[in-house]
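Residue numbers (my numbering), protein chains in the order written: chain R, 1 to 208; chain L, 1001 to 1245; chain V, 2001 to 2485.
Treat the hints loosely; a few may be bogus.
Said to hold, decoys possible - Here are some, though not all, of the chain L residues that point toward chain V, as calculated from beta-carbon distances under 10 Å:
1) Arg1018
2) Phe1049
3) Gly1222
As the list claims (entries may be wrong) - Keeping only pairs whose Cα atoms sit at most 20 Å apart, straight-line, the calculated SDA-like set for lysine to any residue is:
4) R:Lys190 to R:Val45
5) R:Lys190 to V:Asp2060
6) R:Lys190 to V:Gln2189
7) R:Lys190 to R:Ser46
8) R:Lys190 to V:Thr2188
9) R:Lys190 to V:His2061
10) R:Lys190 to V:Ala2056
11) R:Lys190 to V:Ala2210
12) R:Lys190 to V:Glu2194
13) R:Lys190 to V:Phe2050
14) R:Lys190 to V:Asp2207
15) R:Lys190 to V:Asp2206
16) R:Lys190 to V:Glu2209
17) R:Lys190 to V:Arg2052
18) R:Lys190 to V:Val2063
19) R:Lys190 to V:Gln2067
20) R:Lys190 to V:Asn2057
Stated by the list, open to error - Partial pick of chain V residues on the chain L-facing surface, computed with a CB cut under 7 Å:
21) Val2355
22) Cys2392
23) Trp2473
24) Leu2481
Hints are computed from structural coordinates only; laboratory data are not their basis. Backbone N, C-alpha and C define an ideal beta-carbon position, used for all residues, glycine too.
Spelled out, the chains give:
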Amino acid sequence: MAAVASTPRGHDPGLPDRAAAPDAPTELRAGESPLDRFQTEAEAVSTIVERVDAAGAASAVAAALEAAGAGAVAIAADLGDLLEPVREACRSAGLQVDDYADVAPERARAAALDATVTGCLAAVAATGSIVTTGATGRAAALIAPTHVCVVRADQVVDGLHALVDGDVLAAAGSMFALQSGPSRSADIEKTLILGVHGPGRVHVLLVV
Amino acid sequence: MTRRVRLFTTCLADVVARRTADDAEHVLRALGHDVERVHGATCCGQPAFNSGFDEPARAVAAATLRALDDGTDDPIVLPSGSCTSMLRLHWRELFHGRPEAEGAARVARRVRELSAFLADDPAALRALGPRLDVRVGYHDSCHMLRELRLREEPRTVLAQVEGLELVPLASGERCCGFGGTFSGRYPEVSTAMADSKIADVDATGVDLLVSADPGCLLQLEGRMSRTGSPVRVRHVASLLREALA
Amino acid sequence: MSATTPREDAEVGGRPLPPGWAAPAHQPGADSLADTTFEERARENLARPFQRTAIANATDHTVFALQRRFAGTAHDALRDEARRIRAHAITNLPTYLEQWVDRAEARGTQVHFAADEAEARRIVAGLCAERGVGRVVKSKSMASEEVSLNSALEGAGIDVVETDLGEFVVQAMGDRPSHVIAPILHRTQGEVHELFSAMAGEDLPDDPEALTGFAREGLRHAFLTADAGISGGNFLIAETGEVAMVTNEGNGRLTTSLPRIHIALVGIEKMLPRRTDLAVLLPLLTGHGTGQQITTYVSVLGGPRGAGEPDGPEEMHVVLLDGGRSALLGGEFEEALHCIRCGACQNVCPVYRQVGGHAYGWVYGGPIGAVLTPLFRGQADGGELSHATTLCGACDDICPVRIPLHDLLLGLRRRRVAEDVAPLSERLAFRAWGLAWRHPATYRASTAVARAGLAVLARDGVVSRRVPGLARWTATRDLVLGRRR
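Could you put the whole structure together from the sequences, leaning on the hints where they help?
Here's what the structure looks like:
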């Protein structure tokens, strides 16, 4: 074919350097604001994005859970400093709150959850993704119909390259996962359905 | 600029589309070129080459190579994108490491697909005052489009015809289902591919379907004739001849 | 699924699987292709206008989304780089495999090698038997289709539940996936409605949301009661010993999170040297696969549940499948191993558009299927497929890692001739043609005879009747010699 490939066939072309991000849809464009891009991309895949300040984060979590009509809620340990305030805010809102680590071994309880609240290891601006890890809980973001995720502004990296090429993943543990919006399928005649196996509602609180 | 041009009519034109060769010669002469048909050429070898039969492909192509490699630098014009692609790109592979390789490389440098050749000097064509009031859909042949990368050239040529309106086809770049031996090997699939294309052509509402490859035209016109499509089919050369009449 | 009572019912509130969920044992593609021809298989799809329209619409949509996705980026440069990474990984595959195994084992992953399909089945069935696995949930894996894993496990008395919505339908219907990304591209909503209503024992609402909800409920139960999760893998990362996996529904995540054992069956060619290579390959896989910027879920799995982690499998096994792959290394068809299974070549293929995935007879359809099937299954079984294309080149133009599919298809046609697999009639025809047309005189004579013959058969310049020797052509098409009115 006349479409000349850049490397000859049957030879080892060597591995390209990867110091810089490639020019791909999964990277930030020059001059773009990471937080704005994150919000745009996340909303494009039906994530609810809300910007909150640090002081208001815990109550925003409770409000997000109430808006989703949640009753039984589990919170993941990777909320860090916010763990206690979130627990308090949820309790004051009358929600039944447990630690995800306590619920996870009991599958029936885990399956009956209305919502989970997690933090994240990072978020990717260019793809609107949050990154959770084994420390968050593998199923923590998927087991319930609603997932509320708290993302600190300083956790937002520019693009996919910054995530996989940097030191961010050093703390990943046994696994990491990017997730971008609610679970979806288009298997039946290409009709888009949200909330297939994972949550149908994903609410990100961006702490700025 | 007028010059000496060799016209390689190709085997398909020799058997079923002689008018295409005649029309190509007519148009080139109208432009003032000194046209000489290549004598002694047979086939470029593509049907066998594309079926994996390199030996007979080489034997046949070698005869054509002897006829084309005439010691001149005159352009060799073909009214077929597919054959041009074979000569220009695949002969190198077919004759690789053989005594004919050098001659094949010389010929590869000289061959030009007709509409690409005409697009070198659109002003000369326009100066002849071609005119035809007609709505045209253009079918890109796969080999012209994706091997020779000739997308604009045939459109440039059509744009010189006064009164001609080029209407984009949604399926314009999709294969017509000919595929050489494929059309006989899998006739039902091949015909279904043609039908999907023809349905688009019919729905677009054009008067003429135009292409620059006799293979695609054989397939599309053959099916349209069988199914009674109201759209007429023309090779670029034939359309130009009509427009110059 | 068999009728065995699911275990741990008490734990999940005593809900058994919905009635009627006993799917017929299905036999994915390992039976011989030699029984049927491409033409016969294609005919089935040609006879279903809905199916053809659905395939055309879906593939057009995906190609359009792909083009929009990469607009304004250096798409070709990205593809060049991806090609380079894949070429490097494949030419150095033994080294990277060794590295991957070392790193994976260091992270607690148990690694197994399967030389062929039978060994893969044996390993997975053995793992399940040793660990008392009664139910398996599966996320979509083409490698498991290659080895017909489901029927092997079902034969060993294990419940196997496909959890990808499309694959679930395929399993319940005893069908096969028809597209590498969209398994039930060939099925209508009506057919899914009928199937699920029969399973539910009631008439479910005929809308995708309700139908998906029905499947979700039963599948959630399966997730909670499964002992093992079996997945495929999109990439192996040599640098870290990880397996990367993309899904949209979340079933891949649950499959690798909830059951106590995770088994990934992955072809050895899925290798990437470094994690950073994901920044190049992932956007191409998702963009070319579905037009998405990124799939909803991308999991990168590096071992079983770690210390202090709240959930996750106690064991992670990776079965590395050769299955004809290593035989291609260093040879003429090595580039077929560069494929990342995005399905874009299927989406643009004008032949696939008409015939659908099943016509290719085995696991992979479209141009890459026409290449991989004879390479993995042998010329005698799949060699015909290299001719099931018009060599239009659309696949070359769309491939995210620039596999020269056109050249590979042509190479396979040549091999078919070299190995004498081509039919005798075809060999004789080209031989005769070569003898006649290698001399200008006999060429002129033969074309003159052909012209004269056609002139006799023609009426007003059109041959509309059967032409001896061209019957297959003229059955559906005229030969237009003159100018049609």
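Results of checking the hints against the structure:
Interface hint at Arg1018 of chain L: satisfied, since its Cβ lies 8 Å from the closest Cβ of chain V, which is below the 10 Å cut-off. The closest approach between the C-beta of Phe1049 of chain L and any C-beta of chain V is roughly 8 Å, which is under the 10 Å cut-off, so the hint is satisfied. At its closest, the beta carbon of Gly1222 of chain L sits 4 Å from a beta carbon of chain V; the interface hint therefore holds under the 10 Å criterion. Proposed proximity of Lys190 of chain R and Val45 of chain R is supported: the alpha carbons are some 16 Å apart, at most 20 Å.
Of the pairs offered as hints, the one joining Lys190 of chain R and Asp2060 of chain V holds, with about 12 Å between alpha carbons and a cut-off of 20 Å not exceeded. A hinted pair counts as satisfied when its Cα atoms are at most 20 Å apart, and Lys190 of chain R with Gln2189 of chain V qualifies at roughly 10 Å. Taken as a hint, the Lys190 of chain R and Ser46 of chain R pair is honoured in the structure, with Cα atoms around 17 Å apart against an allowance of 20 Å. Between the alpha carbons of Lys190 of chain R and Thr2188 of chain V the distance comes to roughly 10 Å, so the proposed pair stays at or under 20 Å and holds.
Taken as a hint, the Lys190 of chain R and His2061 of chain V pair is honoured in the structure, with Cα atoms around 9 Å apart against an allowance of 20 Å. This hinted pair checks out: Lys190 of chain R and Ala2056 of chain V have alpha carbons roughly 12 Å apart, not beyond 20 Å. Distance restraint check for Lys190 of chain R and Ala2210 of chain V: the Cα-Cα separation of roughly 15 Å lies within the 20 Å cut-off, and the hinted pair is therefore satisfied. Among the hinted pairs, Lys190 of chain R with Glu2194 of chain V is consistent with the structure: their alpha-carbon atoms are about 18 Å apart, no more than 20 Å.
The suggested pairing of Lys190 of chain R with Phe2050 of chain V holds, with an alpha-carbon distance near 14 Å, which does not exceed 20 Å. Distance check on the hinted pair: Lys190 of chain R and Asp2207 of chain V sit about 12 Å apart at the alpha-carbon level, within 20 Å; holds. With a CA separation close to 15 Å, the supplied pair Lys190 of chain R and Asp2206 of chain V stays within the 20 Å bound. For a cut-off of 20 Å, the pair hint linking Lys190 of chain R to Glu2209 of chain V stands: about 12 Å separates their Cα positions.
A distance of roughly 14 Å separates the Cα atoms of Lys190 of chain R and Arg2052 of chain V; the hinted pair therefore holds under the 20 Å criterion. This hinted pair checks out: Lys190 of chain R and Val2063 of chain V have alpha carbons roughly 14 Å apart, not beyond 20 Å. Taking the CA atoms of Lys190 of chain R and Gln2067 of chain V, the gap is near 18 Å; set against the 20 Å cutoff, the hint holds. Under the criterion of a C-alpha separation no larger than 20 Å, the hint pairing Lys190 of chain R with Asn2057 of chain V is consistent with the structure, at around 9 Å.
Taken as an interface hint, Val2355 of chain V checks out: its beta carbon lies about 6 Å from the nearest beta carbon of chain L, inside 7 Å. At about 4 Å, the closest approach between the beta carbon of Cys2392 of chain V and any beta carbon in chain L falls short of 7 Å, and the interface hint on this residue holds. Hint status for Trp2473 of chain V: holds, given a least beta-carbon distance of 5 Å to chain L, under 7 Å. Given the 7 Å rule on beta carbons, the hint for Leu2481 of chain V holds: about 6 Å separates it from the nearest Cβ of chain L.
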